[in-house]
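Q: Spelled out, the chains give:
Number of protein chains: 2
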Amino acid sequence: MKFKKIVSFIPNEALDSNYWQKIDAVANKRVMLAQDDHGVTKELADADCLLILFNGVDRITIERAPNLKYIGALATGVGKIDTKYARSKNITVTNIPGYSTEAVAELTFAVLLEYLREICRAKTESKQTRTSEDNFHGAEIKGKDFGVVGLGRIGSRVAEIAGGGFGANIYYFSRSPKQMHASYRFERLDQLVKHCDFISINLELNDETAGIFNAEIINNIKPKSVVINTAPLELFDLNALDSRLAEGDITFIFDHTDPGDINDSDLQMLKQYENCITYPVLGYVTDEARTAKQEIFVNNLESFLLDKPVNIVN
Amino acid sequence: MKFKKIVSFIPNEALDSNYWQKIDAVANKRVMLAQDDHGVTKELADADCLLILFNGVDRITIERAPNLKYIGALATGVGKIDTKYARSKNITVTNIPGYSTEAVAELTFAVLLEYLREICRAKTESKQTRTSEDNFHGAEIKGKDFGVVGLGRIGSRVAEIAGGGFGANIYYFSRSPKQMHASYRFERLDQLVKHCDFISINLELNDETAGIFNAEIINNIKPKSVVINTAPLELFDLNALDSRLAEGDITFIFDHTDPGDINDSDLQMLKQYENCITYPVLGYVTDEARTAKQEIFVNNLESFLLDKPVNIVN
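Line by line, the protein sequences are chains A and B. All residue numbers for the first sequence refer to the working numbering, where the first residue is 112 and numbers rise by one. All residue numbers for the second sequence refer to the working numbering, where the first residue is 112 and numbers rise by one.
Heads up, some of the hints might be wrong.
It does not matter which identical chain is used: a pair holds within one copy or between any two.
[What the hints assert, rightly or not] The calculated lysine-lysine pairs, modelled on DSSO-like cross-linking and capped at a C-alpha distance of 30 angstroms, are:
| hint | residue 1 | residue 2 |
| --- | --- | --- |
| 1 | 140 | 382 |
| 2 | 238 | 333 |
| 3 | 195 | 115 |
| 4 | 255 | 200 |
| 5 | 200 | 113 |
| 6 | 382 | 238 |
| 7 | 305 | 238 |
| 8 | 180 | 382 |
| 9 | 382 | 115 |
| 10 | 180 | 153 |
| 11 | 116 | 382 |
| 12 | 305 | 133 |
| 13 | 238 | 191 |
| 14 | 333 | 115 |
| 15 | 200 | 133 |
| 16 | 255 | 115 |
| 17 | 116 | 180 |
| 18 | 238 | 180 |
| 19 | 191 | 335 |
Because the hints were derived from the structure by calculation, they are not lab data.
With the hints as extra help, turn the sequences into a complete structure.
A: Below, the structure is given as structure tokens:
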């Protein structure tokens with residue numbers, strides 16, 4: 112069993128050539144399109160398989176693809192896909208759970224520690240000249256209140272590293288209280304943000320979580336705290352975030368600066384603030400994650416064709 | 112009981128003014144000198160208390176100070192003080208143990224994660240423009256072999272964070288094998304360096320450890336590994352390190368670039384390599400460590416004068 116025609120919005124460089132070969136082995140034809148390609152309507156008409164990266168797939172796109180049987184996302188989050196509508200059309204949507212859990216969790220501490228210890232300034236100045244440590248400041252993670260918002264795979268690992276490793280006090284918010292670890296304390300989101308020194312946001316984006324960081328929550332965030340968001344920015348009321356950042360009393364770090372995640376004007380709005388630190392989407396960028404992701408992605412396609420589908424999200 | 116005369120090589124800015132006030136409360140006189148001040152011989156002649164930062168105190172200095180009773184180091188390591196000779200002259204030497212344990216351990220992960228995830232390049236490029244993650248690489252700590260050389264206070268914390276937090280496999284070398292944690296594996300130093308992906312060096316400098324990283328050990332370090340040295344560079348045969356760095360197959364990160372730790376020619380020798388990353392001495396630079404350090408330092412003086420000396424190292 113093979114796909115008749117695959118339409119792929121995934122750029123060539125996102126998969127190693129041997130994985131593209133495996134994909135071609137289960138398809139009669141493969142068409143590569145840029146995300147905004149105007150040929151999309153025509154090419155989707157006879158496609159039975161759609162491959163995407165972080166792109167959204169809305170009702171209109173699905174209606175343009177009456178033969179679609181399968182949408183394979185080369186990502187964990189599928190919040191931008193209308194998975195319910197896809198199911199109503201008998202389209203199976205698969206994702207890649209967990210492949211970047213460790214990569215995202217470790218990045219959280221990479222960017223937090225960079226900020227706390229002024230690592231980039233120190234590295235740059237030290238490269239140029241002998242630099243005294245006298246004009247540097249630092250703070251420690253140990254003993255601080257560390258809030259984890261969303262205790263799924265990634266949030267759980269962030270909590271383990273922050274608590275079991277660095278010795279922070281772990282507070283968490285989750286839509287369903289969990290008894291994963293006796294020393295983690297559940298709190299309502301509006302309470303958690305009031306006292307936590309560090310807040311790692313690891314919520315999935317869906318109808319319930321979109322905009323969960325509303326103006327009230329954002330205004331309640333503890334002054335001098337550091338917020339690290341490796342989750343989609345759609346969790347935030349960006350205007351309220353803009354206003355809070357303008358006060359200059361919190362630091363906001365996020366790694367979602369690609370066009371699919373934030374438009375130019377919102378990005379410029381946030382980047383104007385010194386207390387807003389941005390990164391490329393590095394969360395999933397490790398050798399280990401890249402290999403695991405590709406293995407699972409191809410296996411998802413093959414398993415679907417063998418009528419033993421795995422990693423279905425709808 | 113008060114000191115008659117304190118000679119201090121500690122720069123004014125190293126202590127907050129309220130701590131200088133506490134020191135002055137237990138001394139009739141305080142003379143501040145730069146480390147290389149030529150008046151040092153004369154001023155030491157009638158001093159009974161010498162305060163130092165990381166400076167060395169050799170036999171000659173001690174001989175110039177026949178009335179000296181106390182040497183207070185505003186540091187943990189006292190490897191550059193001739194403590195035995197000081198004891199022979201009935202001089203008590205005190206240090207500040209443990210104040211920077213957490214600060215150094217956390218810095219180890221700050222600089223390791225910076226390297227592994229290309230944090231500084233990512234931050235700089237992201238500030239300038241929208242940056243794709245496509246040209247970034249990364250690697251994870253989880254599941255790797257993590258070697259800790261020296262399992263004292265700092266090394267133990269590094270091992271806890273790397274193992275209990277990040278999920279690395281912990282190997283350690285210590286001059287005396289310790290049964291601190293069932294999952295840590297003791298190895299000889301020449302064995303440890305052969306297979307560990309990351310090596311954190313946390314040995315104290317003393318007669319036994321000076322030069323312990325000799326040519327044979329350095330040449331045995333696993334290719335592609337990352338070595339993080341937050342300990343004194345005197346642990347290394349710098350010529351052998353130079354030769355190994357020239358091969359370009361290991362990364363060496365260290366944070367001791369002040370004149371007291373390494374001379375200009377050695378520093379330039381190491382810094383010429385892209386695979387040698389330097390930082391200012393940030394290991395102890397956190398708000399928490401600074402406060403603890405000053406509290407302990409002043410308490411050491413007061414306790415000595417009350418005939419209840421603490422933190423004696425000789």
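Q: Hint by hint, which ones does this structure get wrong, listed from lowest number up?
A: 1, 4, 8, 9, 11, 12, 14, 16, 18 and 19
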